[in-house]
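Dock chain R against chain B, hints included.
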Amino acid sequence: AQSVTQPDIHITVSEGASLELRCNYSYGATPYLFWYVQSPGQGLQLLLKYFSGDTLVQGIKGFEAEFKRSQSSFNLRKPSVHWSDAAEYFCAVGAGTSGTYKYIFGTGTRLKVLA
Amino acid sequence: ETGVTQSPTHLIKTRGQQVTLRCSSQSGHNTVSWYQQALGQGPQFIFQYYREEENGRGNFPPRFSGLQFPNYSSELNVNALELDDSALYLCASSWDQETQYFGPGTRLLVL
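Residue numbers (our numbering), protein chains in the order written: chain B, 9 to 123; chain R, 30 to 140.
For reference, chain B alone in the conformation it holds in the complex:
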């Protein structure tokens, strides 16, 4: 079955520290992978996506993610966190079935940033 696991429900980091949010997926074919960010009361903003090619992808706001097929992972990283990065982060896999292309989301990781 197709699924996405985000093992960390909450993460707290100090401003200026590095960040890594974990994402593992289960999908039978080559996955399309996404990271979205959701601020309180807001919709989802696309941070970055992986379709094919270079396994290290750059996104907005200084984020990057690395696709590792052998580990079925797509972890999100940022070298130096800003207080404005506090939000909830969702990893998703794009799954195509019988002509329908939908996203399967993880349960999210809530990031808290300490000043």
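Any given hint might turn out to be false.
Heads up, incomplete: computed chain R residues facing chain B, CB under 8 Å, no partners named [as the list claims (entries may be wrong)]: (1) Gly57; (2) Gly85; (3) Phe131.
Since the hints were derived computationally from the structure, they do not count as laboratory data. No residue lacks a Cβ here, since even glycine has one placed at the ideal position from N, Cα and C.
Same frame as chain B, now just chain R:
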């Protein structure tokens, strides 16, 4: 270029009532997908519309229905509301089945 918009932003209904949520897709997009996000959860796929036809459905009962109009805007209708329908409803648009861009959502509270 305008992004995805949704209306209303918030809604309060009582059990058994019906509700209609609206979504305007991003300019140039022909596909609209709807997701339900319960509190503390990731979004769950409800269904997708492509060129005015339902193009796939998630594990939601038939009382969840939708429409897509010739301008690619869309409605989500929920009949016989239940308490568990309280959630943030997200609309996402895309060109064919590529990257989906989400609206701000409609928060529905069922009392």
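Hint by hint, where does the structure go against what was stated? Just the numbers, ascending.
Per hint list: single violation, 1.
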